[in-house]
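Student: One letter stands for each residue in the lines below.
There are 2 protein chains.
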Amino acid sequence: MPLLVVGTLALDTIQTSTETRDSLLGGSAVYFSCAANYFSPVHLVGVVGDDWPPEHTQFLESRGIDISGLDKVPGTKTFRWRTQYTPGLTQRETLDVQLNVYGSYSPVLPESLRRCPFLFLANGSPTVQLRVLDQMTGPRLVIAEAIEMWIRQERDELLGLLQRVDGFVLSASEAIQLSGEANLVRAGMMIRELGPSFVVIKKGEHGAMFFSKHETYVLPAYPTADVIDPTGAGDSFAGGMMGYLAEQGSFEPTTLKEAMAYGILAASFTVEDFSVDRLRGVQRSDIELRMERYRRMLTF
Amino acid sequence: MPLLVVGTLALDTIQTSTETRDSLLGGSAVYFSCAANYFSPVHLVGVVGDDWPPEHTQFLESRGIDISGLDKVPGTKTFRWRTQYTPGLTQRETLDVQLNVYGSYSPVLPESLRRCPFLFLANGSPTVQLRVLDQMTGPRLVIAEAIEMWIRQERDELLGLLQRVDGFVLSASEAIQLSGEANLVRAGMMIRELGPSFVVIKKGEHGAMFFSKHETYVLPAYPTADVIDPTGAGDSFAGGMMGYLAEQGSFEPTTLKEAMAYGILAASFTVEDFSVDRLRGVQRSDIELRMERYRRMLTF
Chain D
2 MPLLVVGTLA LDTIQTSTET RDSLLGGSAV YFSCAANYFS PVHLVGVVGD DWPPEHTQFL
62 ESRGIDISGL DKVPGTKTFR WRTQYTPGLT QRETLDVQLN VYGSYSPVLP ESLRRCPFLF
122 LANGSPTVQL RVLDQMTGPR LVIAEAIEMW IRQERDELLG LLQRVDGFVL SASEAIQLSG
182 EANLVRAGMM IRELGPSFVV IKKGEHGAMF FSKHETYVLP AYPTADVIDP TGAGDSFAGG
242 MMGYLAEQGS FEPTTLKEAM AYGILAASFT VEDFSVDRLR GVQRSDIELR MERYRRMLTF
Chain A
2 MPLLVVGTLA LDTIQTSTET RDSLLGGSAV YFSCAANYFS PVHLVGVVGD DWPPEHTQFL
62 ESRGIDISGL DKVPGTKTFR WRTQYTPGLT QRETLDVQLN VYGSYSPVLP ESLRRCPFLF
122 LANGSPTVQL RVLDQMTGPR LVIAEAIEMW IRQERDELLG LLQRVDGFVL SASEAIQLSG
182 EANLVRAGMM IRELGPSFVV IKKGEHGAMF FSKHETYVLP AYPTADVIDP TGAGDSFAGG
242 MMGYLAEQGS FEPTTLKEAM AYGILAASFT VEDFSVDRLR GVQRSDIELR MERYRRMLTF
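Taken in sequence, the protein lines are chains D and A.
Counting in my numbering, the first sequence runs from 2 upward without gaps.
Counting in my numbering, the second sequence runs from 2 upward without gaps.
No lab work stands behind these hints, which were simulated from the structure alone.
Even glycine gets a Cβ: it sits at the ideal position worked out from N, Cα and C.
Worth double-checking, as some hints may not be accurate.
Stated by the list, open to error - DEER-style ranges, computed between Cβ atoms:
no.	chain 1	residue 1	chain 2	residue 2	range
1	D	Thr91	A	Arg156	21 to 29 Å
2	A	Glu293	D	Leu195	24 to 32 Å
3	D	Arg153	A	Val98	51 to 59 Å
4	D	Pro54	A	Val98	53 to 61 Å
5	D	Thr128	A	Gln99	53 to 61 Å
6	D	Leu195	A	Arg153	44 to 52 Å
7	A	Gln284	D	Thr19	47 to 55 Å
8	A	Asp227	D	Arg153	28 to 36 Å
9	D	Gln164	A	Thr19	28 to 36 Å
10	A	Gln85	D	Pro3	48 to 56 Å
11	A	Asp97	D	Arg187	26 to 34 Å
12	A	Leu290	D	Pro55	39 to 47 Å
13	A	Met137	D	Leu96	53 to 61 Å
Unchecked claim - Some but not every residue of chain D turned toward chain A, in silico, with C-beta under 7 Å:
no.	residue
14	Leu71
15	Gly181
16	Glu259
Unchecked claim - Beyond 12 Å from chain A on every Cβ pair, some chain D residues (computed):
no.	residue
17	Asp51
18	Asp72
19	Val74
20	Pro75
21	Val98
22	Ser107
23	Met137
24	Thr138
25	Gly139
26	Pro140
27	Trp151
28	Gly161
29	Leu163
30	Asp167
31	Thr217
32	Arg285
Between the sequences and the hints, there should be enough to build the whole structure, so can you do that?
Tutor: Here you go:
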């Protein structure tokens, strides 16, 4: 089933301890789309400026991602983000954010996308996320992600959003920040009680936790020795997860758990190179092969 | 099969954000024994001073732990440790260590224990751990644990020890410290190449990773909302793991993975109260029940 994502397209500058890469293809909606697209048709809605390289557009199209909802605003610049990772790549510091055209962006969904059954509200303020949600007609499943800044700056709007989404995805530090609870199991349970049917806490290299009314579980990350750039791991996780749900057209508990696993595997590929470069060479069959290994790893 | 553990018995003072508890029953060999004892007969070798409360001895005996190798040295005091946890209980700071009688302890194994087939070298300097190993005759499986201080202070001795053990258990931060590698997958592989047949990296609330020549895997921690005091989780993990291996009398890959899971579950109980108090009320059947849930959690 078709899946709509609204979020950022970005030009990222990434510094690791060994390398700096400039103006890479990035952004929450890009990582999400590239991962989700293995499973389901993806419609991407977002905005870029004049500096957006045409090859990025071509790449997204070559993946079969529908970009009819992508605005290119003349006389503006694309959202830019610059970050620096610690040597172990487990932590990062944002060095610079330039919202540029994204700063005043208020997404208007093309008529054709308003009945999309699956919606992912990627990086954006809760106000913008709610504005997108208001344009939709009868979506079957809506998942939103949290961003640290908006938990601080738009807490009330975020609490309003949580009443209206089915699933909510956030990082461990965001979960602690939002709940005020340092035990992640308790934090996840508390956040679920704020409205969503299920909550996912992303733990980076340690995997992800799932909370619904009836279930609490954790799945580990797929262990990889080849971590090059963790940027986009969280959005790739969400993309793999929601892409699989859209493919299955279901969100039964068993499907949700499989979707969590696909999300984890999508992220495990993304971190193995800069930008979405690793995904350029990955086929669905590679994901399935890793899934076999992952299932075997968790069987005893 | 019988299992011998040599390590510390301690009186711990634990400060959490809500409570301070004084002179609790603690120490690596105590936590290990209480967890291992669900699975196999355990012989504990260690040393205490005059201040060791007789009820602690009685408790260990009541669990069926053989303490014929426990030295009580008149005119001395027991090893004491004082620590303070951060509010989320995920980090701690050692406030005070008094080695006391343990500082000059050189374990002499009773003749009857020298042919014990399974040996765990708990908290102790590599020099002392090697001295214990030298007293053994033909053990089937030897596992040692690392302690941060000794990685710094006795690195050469530790490297010698690694050549002589089958398994080596250490925390994530110790693995990074020992290997100089911040990616835990790489770190584990590097440490295994230093000698042991397998290496286990304990990740606390995030579970544990396993490395052998043919396998790398990670199992998540059992998610519990009721973390009261994480002290001893690592030694309980080692106890559950090695106790199960001794019970099975085998260390096949499949048995090792089951043992990892039992270790994780033993730790999940230990953290639910101060000292070994939670284990006082836990039966083997409780562990098996949690194992069923844990297997179900990892099945999709």
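Student: So, for every hint listed, does it hold in this structure?
Tutor: So, going through the hints one by one against the coordinates:
no., hint, in the structure
1, Thr91(D) - Arg156(A): 21 to 29 Å, "holds (24 Å)"
2, Glu293(A) - Leu195(D): 24 to 32 Å, "holds (31 Å)"
3, Arg153(D) - Val98(A): 51 to 59 Å, "violated (40 Å)"
4, Pro54(D) - Val98(A): 53 to 61 Å, "holds (58 Å)"
5, Thr128(D) - Gln99(A): 53 to 61 Å, "holds (57 Å)"
6, Leu195(D) - Arg153(A): 44 to 52 Å, "holds (45 Å)"
7, Gln284(A) - Thr19(D): 47 to 55 Å, "holds (52 Å)"
8, Asp227(A) - Arg153(D): 28 to 36 Å, "holds (30 Å)"
9, Gln164(D) - Thr19(A): 28 to 36 Å, "holds (32 Å)"
10, Gln85(A) - Pro3(D): 48 to 56 Å, "holds (53 Å)"
11, Asp97(A) - Arg187(D): 26 to 34 Å, "holds (30 Å)"
12, Leu290(A) - Pro55(D): 39 to 47 Å, "violated (59 Å)"
13, Met137(A) - Leu96(D): 53 to 61 Å, "holds (55 Å)"
14, Leu71, "violated (35 Å)"
15, Gly181, "violated (10 Å)"
16, Glu259, "holds (5 Å)"
17, Asp51, "holds (39 Å)"
18, Asp72, "holds (39 Å)"
19, Val74, "holds (40 Å)"
20, Pro75, "holds (44 Å)"
21, Val98, "holds (26 Å)"
22, Ser107, "holds (38 Å)"
23, Met137, "holds (29 Å)"
24, Thr138, "holds (32 Å)"
25, Gly139, "holds (29 Å)"
26, Pro140, "holds (25 Å)"
27, Trp151, "holds (23 Å)"
28, Gly161, "holds (27 Å)"
29, Leu163, "holds (20 Å)"
30, Asp167, "holds (19 Å)"
31, Thr217, "violated (6 Å)"
32, Arg285, "holds (18 Å)"
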